[in-house]
Amino acid sequence: MREIDVRDITKIVARLCIESNYFATDDLVKATEESILKEESPAGRAALEKIRENQKIAAAEELAICQDTGVAVVFIEAGQDAHFIGGDLEQSIHEGVRQGYRDGYLRKSVVEDPLRRKNTGDNTPAVIHIRIVPGDKVKITIAPKGGGSENMSTVKMFAPSAGREGIIKFVVDWVKQAGANPCPPTVVGVGIGGTFEKVAMLAKMALLRPIGQPNPDPFYADMEKEILQKINALGIGPQGFGGRITSFAVHIETHPCHIASLPAAINMNCHVSRHQSFIL
Amino acid sequence: MSSIKRLSTPLTDEAVLSLKMGDDVLISGVIYTGRDAAHKRLFDILQAGGELPVDLRGQIIYYVGPAPAKPGHAIGPAGPTTSYRMDAYTPRLLEYGLKGMIGKGNRSHEVIEAIKKYKAVYFAAIGGAAALIAKSIHKAEVVAYDDLGPEAIRRLEVVDFPAVVINDCMGNDLYVEGERRFKL
Ligand code: SF4
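Just so you know, the sequences run in chain order A and B. Be aware that the first sequence starts at 2, since it is given in our numbering, and climbs by one per residue. Be aware that the second sequence starts at 116, since it is given in our numbering, and climbs by one per residue.
The reader is advised that the hints may include incorrect statements.
[Said to hold, decoys possible] Derived pair list, reagent style BS3-like, types lysine-lysine, alpha-carbon separation capped at 27 Å:
#	chain 1	residue 1	chain 2	residue 2
1	B	LYS298	A	LYS31
2	A	LYS57	B	LYS232
3	B	LYS232	B	LYS135
4	A	LYS231	A	LYS138
5	A	LYS51	B	LYS135
6	A	LYS138	A	LYS39
7	B	LYS155	A	LYS109
8	B	LYS298	B	LYS155
9	B	LYS254	B	LYS120
10	A	LYS177	B	LYS231
11	A	LYS31	A	LYS226
12	A	LYS177	B	LYS135
13	A	LYS12	A	LYS57
14	B	LYS120	B	LYS232
15	B	LYS298	A	LYS226
16	A	LYS170	A	LYS51
17	B	LYS120	B	LYS135
18	A	LYS39	B	LYS298
19	A	LYS177	A	LYS226
20	A	LYS57	B	LYS234
21	B	LYS155	B	LYS234
22	B	LYS254	A	LYS109
23	A	LYS177	A	LYS39
24	B	LYS231	B	LYS120
25	A	LYS109	A	LYS51
26	A	LYS170	B	LYS298
27	B	LYS185	A	LYS109
28	A	LYS177	B	LYS254
29	B	LYS120	A	LYS57
30	B	LYS185	A	LYS51
31	A	LYS119	B	LYS185
32	A	LYS157	A	LYS177
33	B	LYS254	A	LYS51
34	B	LYS185	A	LYS12
35	A	LYS51	B	LYS120
36	B	LYS298	A	LYS51
37	B	LYS155	A	LYS119
38	A	LYS231	B	LYS298
Keep in mind the hints are simulated off the structure, nothing from the lab.
Only chain A is shown next, with the shape it has when bound in the complex (with noise of 0.2 Å):
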């Protein structure tokens, strides 16, 4: 059984807090720039030129590209031959967002209640989601989620006769309606099927796909690409100043579920679209 230090997560977590803040990743910066010569709106092209120049401007001063560095949400998959010692897993994953957060300037977003809302001062604690797999590796993944877009997601539980039709519209309007909010382009998690909890989890991992990949399943990637094209139809454009591209992407991600049910879910996230991965 190979055994893993909880100590080196801690300092894997805390190096991810700082990279994934400070360092656009190359899928957005293509994605920006591909954005860049399809844009036909001046005063979007002129925000996507901004948004590309503060990339620059992050990497090579190391500095966070945006000012809200997010809730440190944080996922691990430990393979089920792995044997963490030297302490507390999830105390583990706290500590080295503590230490990332100081240690990065990063902006610490986190209050300790929902409606005292006294800030904890140092951005703990993270949402940690743990899923066991095969293997001896771990796997840990963060995507830092700032409250713009994450305040522009939602939930709905549908009748199953809603359809395929049903889910376009509903993710449509909704993007609509978010308008400049979510700091667009965007990138649109969507969740289908499973039930109330999961399709939330399934629309948030369809966020940590590489911009635009498409859906493996050949129904799913044309259903993405149909939403894309609705999304980009609206005008809203680039910090909705009105162009063509609101969106960079829709990804769709599906799990089974029950006769009766059809929960449909979407995640937003921004233009500072940021997760890293390491592999221990």
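Given chain A, put chain B with the ligand in place with the hints provided.
Below, chain B with the ligand without anything else, positioned relative to chain A:
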């Protein structure tokens, strides 16, 4: 649309009247930061007939909660936050004499009416362009509500701070008009 205009603060009525939806502007001078918690306090003081801790007449409030500054920097990354959370407090501040707001995202009907009535302007800064925007901020100091941390009211000295006019005082709205123009 899109002639770059230079503005300096405090904003005069004349400057406000010259601004049109879609104008690219570069703002220089002093602006103040404020988010939900600070707005609530300012609003409560005005409602109670008290004095604000900073004189905001003629001034611009920037809706921002910056990240901590690295050593040698005046401020950390500092992009706009979503404006609708300030909507409930904004008409009262405009009545008091606030002239400009910088944020992102659309405003309520009441805010847009108050912008017209009191001759004010709402700008958007590029959401998420926080490292770029921070370059235009040369000095930052907390002037009220230190206990609010990133949400404290700061006095910022800015040079060529980039923004776009969303709602001008004639009642135009770039979010509505831009979408209408590019809708297929
Ligand atoms: S929605 Fe994204 S880009 Fe916009 S302020 Fe929030 S984290 Fe930053």
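Cross-check of the supplied hints:
Annotation: proposed proximity of B:LYS298 to A:LYS31 holds, straight-line Cα distance about 25 Å (limit 27 Å). Between A:LYS57 and B:LYS232 the alpha-carbon distance is near 41 Å, which puts this suggested pair outside the 27 Å criterion. The hinted pair formed by B:LYS232 and B:LYS135 meets the criterion: a straight-line CA distance of about 16 Å does not exceed 27 Å. Between A:LYS231 and A:LYS138 the CA atoms are separated by roughly 41 Å; this puts the pair beyond 27 Å, and the hint is violated.
A C-alpha spacing of about 21 Å is found between A:LYS51 and B:LYS135, which places the hinted pair at or below 27 Å, so the restraint holds. Between A:LYS138 and A:LYS39 the CA atoms are separated by roughly 41 Å; this puts the pair beyond 27 Å, and the hint is violated. Of the pairs offered as hints, the one joining B:LYS155 and A:LYS109 holds, with about 21 Å between alpha carbons and a cut-off of 27 Å not exceeded. Pair hint B:LYS298 plus B:LYS155 does not hold up; C-alpha atoms about 37 Å apart against a cutoff of 27 Å.
With a C-alpha separation of about 22 Å, the suggested pairing of B:LYS254 with B:LYS120 holds against the 27 Å cut-off. For the proposed pair A:LYS177 and B:LYS231, the alpha carbon gap of about 26 Å is at most 27 Å, so the pair holds. Our distance criterion of 27 Å between C-alpha atoms is met by A:LYS31 and A:LYS226, whose separation comes to about 18 Å. About 24 Å separates the Cα atoms of A:LYS177 and B:LYS135, which keeps this hinted pair within 27 Å; it holds.
The suggested pairing of A:LYS12 with A:LYS57 holds, with an alpha-carbon distance near 26 Å, which does not exceed 27 Å. Between the alpha carbons of B:LYS120 and B:LYS232 the distance comes to roughly 23 Å, so the proposed pair stays at or under 27 Å and holds. For the hint linking B:LYS298 to A:LYS226, the alpha-carbon distance of about 18 Å falls within 27 Å, and the restraint holds. For the hint linking A:LYS170 to A:LYS51, the alpha-carbon distance of about 32 Å lies beyond 27 Å, and the restraint is violated.
Only pairs whose Cα atoms come within 27 Å are accepted, and B:LYS120 paired with B:LYS135 is accepted, the gap being roughly 10 Å. At most 27 Å may separate the alpha-carbon atoms for a hinted pair to count; A:LYS39 and B:LYS298 meet this at roughly 16 Å. Between the alpha carbons of A:LYS177 and A:LYS226 the distance comes to roughly 17 Å, so the proposed pair stays at or under 27 Å and holds. For the suggested pair A:LYS57 and B:LYS234, the alpha carbons sit about 38 Å apart, so the restraint of at most 27 Å is broken.
Distance hint between B:LYS155 and B:LYS234 is fulfilled; the C-alpha atoms sit about 22 Å from each other, no more than 27 Å. For the hint linking B:LYS254 to A:LYS109, the alpha-carbon distance of about 21 Å falls within 27 Å, and the restraint holds. Using a Cα cut-off of 27 Å, the hinted pair A:LYS177 and A:LYS39 holds, with the two alpha carbons roughly 20 Å apart. For a cut-off of 27 Å, the pair hint linking B:LYS231 to B:LYS120 stands: about 20 Å separates their Cα positions.
A distance of roughly 25 Å separates the Cα atoms of A:LYS109 and A:LYS51; the hinted pair therefore holds under the 27 Å criterion. A C-alpha spacing of about 16 Å is found between A:LYS170 and B:LYS298, which places the hinted pair at or below 27 Å, so the restraint holds. A threshold of 27 Å between alpha carbons decides the hint, and for B:LYS185 with A:LYS109 the separation of about 14 Å falls inside it, so the pair holds. For the given pair, A:LYS177 sits about 38 Å from B:LYS254 by alpha-carbon distance, which is inconsistent with the 27 Å threshold.
As the CA atoms of B:LYS120 and A:LYS57 are separated by approximately 26 Å, the hinted pair is consistent with the 27 Å bound. Between B:LYS185 and A:LYS51 the CA atoms are separated by roughly 22 Å; this keeps the pair inside 27 Å, and the hint holds. Under the criterion of a C-alpha separation no larger than 27 Å, the hint pairing A:LYS119 with B:LYS185 is consistent with the structure, at around 24 Å. With a C-alpha separation of about 17 Å, the suggested pairing of A:LYS157 with A:LYS177 holds against the 27 Å cut-off.
Between B:LYS254 and A:LYS51 the CA atoms are separated by roughly 22 Å; this keeps the pair inside 27 Å, and the hint holds. For a cut-off of 27 Å, the pair hint linking B:LYS185 to A:LYS12 stands: about 21 Å separates their Cα positions. Between A:LYS51 and B:LYS120 the alpha-carbon distance is near 17 Å, which keeps this suggested pair within the 27 Å criterion. Straight-line distance between C-alpha atoms of B:LYS298 and A:LYS51 comes to about 23 Å, which keeps the hinted pair within the 27 Å bound.
About 16 Å separates the Cα atoms of B:LYS155 and A:LYS119, which keeps this hinted pair within 27 Å; it holds. Using a Cα cut-off of 27 Å, the hinted pair A:LYS231 and B:LYS298 holds, with the two alpha carbons roughly 10 Å apart.
The structure does not agree with the numbered hints 2, 4, 6, 8, 16, 20 and 28 stated previously, though it agrees with the rest.
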